[in-house]
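Take a look at the letters that make up each chain.
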Amino acid sequence: MYTNNAEAKQFSGSPLSPNGRYSLSKDVFIEENYMALVNGSKSDIVGKLGVSFTAGAQLMQQRRDGINSNAGELEVPNLFSLNNGVNQASVGQSFAERKINSVFGSVGFDYDGILFVDFTGRNDWTSTLSPENRSFFYPSVNGSFVFSELFNTSADGWFNFGKIRASYATVGNDLQPYQLENVFFIGNDPNNNTTAGTNSTLNDRNLVNELIKSAEMGFEARFFDNRLSLDAAWYRTNATNQLLAIPLDPLSGFNSRRVNAGDIENEGFEITLNADIFRNQNGFSWNTNVNFARNRNRINSLIDDVTQFQLGGFDNVAVLAPVGGLYGEIWGTTFRRVEDEASPNFGQIIVDGDGLPLAAEGNVASRLGNQQPDALIGWSNTFAYKNWSLGFLVDASLGGDIFSGTNRFLQRSGNAAVTVIDGDRADFIVDGVTDDGTGNFVTNTTTVAPQEYWTALANRSGNLGIAEAFIYDATHVRLRNVSINYNLNPKWLKNTGIQSAKFGLSANNVWMITSNLNGVDPESVFATRSNATGFENLSPPTVRSLFFNVSLSL
Amino acid sequence: MKKERFLKRIGLYIGSFALLFSCADDFDEINIDPQAANVDQVQVEYFINASIGAAQQNPHIAERVFILYWKAAGRMDRINTLPIGVANDSWSTDYYNDYISTWLRNINTAITVADEKIAKDNIREYTANLKQVARIWRAYLMSEMADNFGPIPINGFQGVNPEYDSVKDVYYYILQELKEATAALDLDVLNPGPLAALDPVYGYNYEKWQKYGNSLRMRLAMRLSEVDPGKAQQEFEDAASGPILATADDNFKVAELGGWNDYTGVMTREWNNQYLSPTLNNLMIGLGGVSSAEVLPADEHSKIKAANYIGLKFEDHFTSLTNDPSAGFWFDGLHEKIDPRAYNLFPIPGNTGDTDFNKFPSWNTAATTTSRSLILGEEDNDSNGETNDILIDASFSWNAPAIGVWGEKGSRNRMLFPGTLPRLGNKFRSSSAQRIFFASWESHFLIAEAAIRGWNVPMSGQAAYEQGIAESFSYNNMSQHLSTYVSSQDYNRSGTSVSWNHTTEPPASVTMNYINGYNGNPGTTSFTYPKNNIYMGGSVNNDLLNKIITQKFISQTPWLPLETWSDHRRLGLPFFENPAVEVPLPEMPQLNPGNVMTNSVGVFPQRLKFPSGFSNNLPTQYAQAVGALEGEDTVFTPLWWAKQN
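In order, the protein sequences belong to chains A and B.
According to our numbering, the first sequence holds residues 1 to 554 in order.
According to our numbering, the second sequence holds residues 555 to 1199 in order.
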């Protein structure tokens, strides 16, 4: 159970509102769970086979109650009371309730502590789906085989432990409340006269639960007295019937509709290598850990005839989720280039009569890249000596593309370093070709001033200019964290009643080792509610932080 | 014993599971939103009220659409957006997705709810009339959206992505709707008292709604005058034969409300300047032969300059790369003759004693700073020791310099700020006015235009024209100057005069006096009236249509910029000057110093682009809509009823 109280006070004196503004809201959320569980186990039922089981039932109930009010512009400056508005305070109310009843169970087998197999199943009945679709079942199975046990490995051999594992699991999710029917709402206008409206997302009685299916296979091994370990895993997760709000033309009567959308897949693998290069209890120790991960997020299908939907972007730059493609395709306008493959100028940028680059004919958008990185690598090291330890973490994101609106803005206003060459802003000739009037292309010889060039690039073909000029490779390597810790020698804590004390200093986001964005951090996001990481535009920069920690155990 | 206990345990478990499932029977009830209403609980008038109210535009959307789009394109302000080819995707997206589609959704819901109630016979005696009122208002909203974007769906709001119809089909549909809805209104129905509060315009006075419906039909019929004259004439004559919006009492207007809400005034944000536009200034200077001395108090007469004076010449500080006839000069006083409505709409810079003088923004002194400079060399300061900048006191001056990009001259000219140029007065900026959607003067100017086309209308062209002017003068409290005005043969800077019977073209040029701003030497210049090339090749400045549209433009200031934009797209009138191109305009490369002295349709904005979300999320539907547009989805594609070239 929790309560959210929010109060927004805007003080007078800003251009936005002369006397200030005030709003208030309270939100209460309560969840109750009742569970009954039976479990049991027996080893050596048949030979070395052991079995265990669980069976249970659960009643879950959630309720959310909220009220909010906005005084709007205040009459008396800086007096934050709901009755002090120029207009009557507007009031909003929210309420939602949901119940889920479930039964679940699992049974597991193990053979001699070497081979393990588990089965689970769960069935939910939810109040948020229609009676025909109310009940849904989701099972899973997983197994593992510690094959190193077959070899009678000993602790000081070179091979200590090996295991392979595999699993296939499904998880079901229901809807939020009140998403089945389309209804009317009653409201109030600023003159206190009644208004009415309709819901803006098209609801559907026939929605069913989401089902997320994931398969995973993994391998783990340890060597040399557990000083070296390797862990590798491959996974594929398919979110089927995902509950999404697909955009509609608002002139349909709704801005979006709720659908169960086909199949969105995440597939990838991860490898971790961990080594204790030096291991001395009170001497020098050094542990190093490398992690390599690669994930591909693909849209296998959506729904009906929907071929794509937009995740983010603005005007002539869009980050899309296309059916059959990778999540996060970046599309935008490009330079106009010579298309005749036979021409000696094939691929050259075409400039206009003023020597400035042109955008592709008709300002058509083309695929400029994809936001997903090819791989993520993390490397962490911890050094310890007696009571001191020092650690640092380097992580790298390789590949992926990003549209940098900040770079575009700086270049357009002449504040970017790239607009100055050798300390000067001399006129120059754009490397490209121009139409000589007869349909043939000749090398461009018209000089342009830097201001004309950069403003043309930043403004032609749309609000964000020729997008191709502002797409960058998002590869970056960063020193993510450095920390140093000291464990206080216990002899100084003898009579204090404190068991142990540890002091540490930790710095985050320490150093961007390489990046292609001229100082902009590829991780600075445009919108927190969006998955469009391939688009940034004047976002606040990421922060570097320093923490000093003290931890005491009593 | 063990077995019994075991069985009891099993029984307990089965029992509790059974209890579990009995708790599932209220699942249907709890999934109904307690705040939702059904069709029996809502009323048609609630939706009409919601639709009309939201269309007043809260300050967020009013700034973007009313000011930065309509006032800019309709040339009632000095704003570099649509006139230099720039439409901003987020403003267009907001307008399309969250505002106008919601107003249309609510009015369509009003009609479907009315139909459902009529089918169930769950009606009041006024329900059928409310449906007609909803149809009339929906026709207006559809025309507003189509005049901005072009093709829109006629059959939307069915819960599926709709097909888009061509502008022609949309206009034919709206005209048919207005014809049917105005005829179907039953004027004998008496409403219960409280109903009136749910209509902020007319209080559900059906006679007024009918008059508005007919006048709106006249406006939309006239829209087709160039592209489909037969249909235009037929619809117009039919509408004009019924009762029309003919007096100020019938004006379609909604009262503004203070605070920050849907009814807050559209021009109340302090950071928008609401400048006098060069287009309007050129129409008003010299028009009507009313001398400023007749309008202004005696203590201001010393600021009035002589006739035939054009101002101080500053070649290096004022651009001439525009066909604005007043370009290149700073007018350091008040005009000898000017349309008297100018002084009611725009208080004089520096005239802080005028209670209507607007002092926004309130957080700095820009509005009352009248003394500013033109830079010579570098800006004078202590480190460079220069003292040669020219200081100009702009109080009691009257200027509206061209928009566009002034390049070097713009960086040297530090004059152009809120305190030095005329801006709209407080009466339009304090949420105390009534926003006008259709005024009686528009009915009369439409009739005058129909008359000169030879259409069958209840008034003669001259009578309608002069009546329109009279109503606008009354609105501007300048009626005492009306008789002088209406008979004047003086030309304004665009070459048009007021008098209906005076259609002589202005002379090829007029000698005007100026003073060289750098050295004080007097000089003369040959002032030529601008060639409005897109209207009859630029050879006609003072025909009857020029007069009507000139008067209509001035009368529609400041409430109907969308209409002045539409009139110019349709007729090429009145004369809109080109923005300055000292430096290339990236979004409008078709205007350059080589052709800036001629007008062409290709350099005037024609519409708003569809929002990018439309093409990104609904590519098939978007392709169909662009197909209905019959042109590229750009700012410069002319709509069906507009001049194509």
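It is possible that some hints are incorrect.
[Claimed, not checked] Derived SDA-like pairs (lysine to any residue); straight-line CA-CA distance at most 25 Å:
#: 1; chain 1: B; residue 1: K913; chain 2: A; residue 2: E75
#: 2; chain 1: B; residue 1: K807; chain 2: A; residue 2: N193
#: 3; chain 1: B; residue 1: K913; chain 2: A; residue 2: G162
#: 4; chain 1: B; residue 1: K913; chain 2: A; residue 2: P15
#: 5; chain 1: B; residue 1: K807; chain 2: A; residue 2: Q176
#: 6; chain 1: A; residue 1: K494; chain 2: A; residue 2: F409
#: 7; chain 1: A; residue 1: K9; chain 2: B; residue 2: I586
#: 8; chain 1: A; residue 1: K502; chain 2: A; residue 2: F547
#: 9; chain 1: A; residue 1: K213; chain 2: A; residue 2: Q176
#: 10; chain 1: B; residue 1: K674; chain 2: A; residue 2: F185
#: 11; chain 1: B; residue 1: K963; chain 2: A; residue 2: E75
#: 12; chain 1: A; residue 1: K9; chain 2: B; residue 2: W825
#: 13; chain 1: B; residue 1: K913; chain 2: A; residue 2: N78
#: 14; chain 1: A; residue 1: K26; chain 2: B; residue 2: I586
#: 15; chain 1: B; residue 1: K1197; chain 2: A; residue 2: G391
#: 16; chain 1: B; residue 1: K674; chain 2: A; residue 2: N78
#: 17; chain 1: B; residue 1: K807; chain 2: A; residue 2: T447
#: 18; chain 1: A; residue 1: K26; chain 2: B; residue 2: P588
#: 19; chain 1: B; residue 1: K762; chain 2: A; residue 2: N192
#: 20; chain 1: B; residue 1: K963; chain 2: A; residue 2: F409
#: 21; chain 1: B; residue 1: K963; chain 2: A; residue 2: G414
#: 22; chain 1: B; residue 1: K963; chain 2: A; residue 2: N415
No lab work stands behind these hints, which were simulated from the structure alone.
Source: prediction; values computed, not measured.
Here is how each hint holds up against the structure:
1. Our distance criterion of 25 Å between C-alpha atoms is met by K913/B and E75/A, whose separation comes to about 20 Å.
2. Taken as a hint, the K807/B and N193/A pair is honoured in the structure, with Cα atoms around 18 Å apart against an allowance of 25 Å.
3. The straight-line distance between the Cα atoms of K913/B and G162/A is roughly 80 Å, outside the 25 Å bound, and the hint therefore fails.
4. The hinted pair formed by K913/B and P15/A meets the criterion: a straight-line CA distance of about 13 Å does not exceed 25 Å.
5. Among the hinted pairs, K807/B with Q176/A is inconsistent with the structure: their alpha-carbon atoms are about 43 Å apart, more than 25 Å.
6. A C-alpha spacing of about 61 Å is found between K494/A and F409/A, which places the hinted pair above 25 Å, so the restraint is violated.
7. Under the criterion of a C-alpha separation no larger than 25 Å, the hint pairing K9/A with I586/B is inconsistent with the structure, at around 35 Å.
8. This hinted pair checks out: K502/A and F547/A have alpha carbons roughly 14 Å apart, not beyond 25 Å.
9. In summary, the hint linking K213/A to Q176/A is supported, as the alpha carbons are separated by about 21 Å, within the 25 Å threshold.
10. Between the alpha carbons of K674/B and F185/A the distance comes to roughly 21 Å, so the proposed pair stays at or under 25 Å and holds.
11. For the proposed pair K963/B and E75/A, the alpha carbon gap of about 45 Å is over 25 Å, so the pair is violated.
12. About 22 Å separates the Cα atoms of K9/A and W825/B, which keeps this hinted pair within 25 Å; it holds.
13. With a C-alpha separation of about 23 Å, the suggested pair K913/B and N78/A falls inside the 25 Å cut-off, and the hint holds.
14. A C-alpha spacing of about 22 Å is found between K26/A and I586/B, which places the hinted pair at or below 25 Å, so the restraint holds.
15. A threshold of 25 Å between alpha carbons decides the hint, and for K1197/B with G391/A the separation of about 72 Å lies outside it, so the pair is violated.
16. Between K674/B and N78/A the alpha-carbon distance is near 53 Å, which puts this suggested pair outside the 25 Å criterion.
17. A C-alpha spacing of about 56 Å is found between K807/B and T447/A, which places the hinted pair above 25 Å, so the restraint is violated.
18. With a C-alpha separation of about 18 Å, the suggested pairing of K26/A with P588/B holds against the 25 Å cut-off.
19. Between K762/B and N192/A the alpha-carbon distance is near 24 Å, which keeps this suggested pair within the 25 Å criterion.
20. At most 25 Å may separate the alpha-carbon atoms for a hinted pair to count; K963/B and F409/A meet this at roughly 24 Å.
21. Taking the CA atoms of K963/B and G414/A, the gap is near 19 Å; set against the 25 Å cutoff, the hint holds.
22. As the CA atoms of K963/B and N415/A are separated by approximately 22 Å, the hinted pair is consistent with the 25 Å bound.
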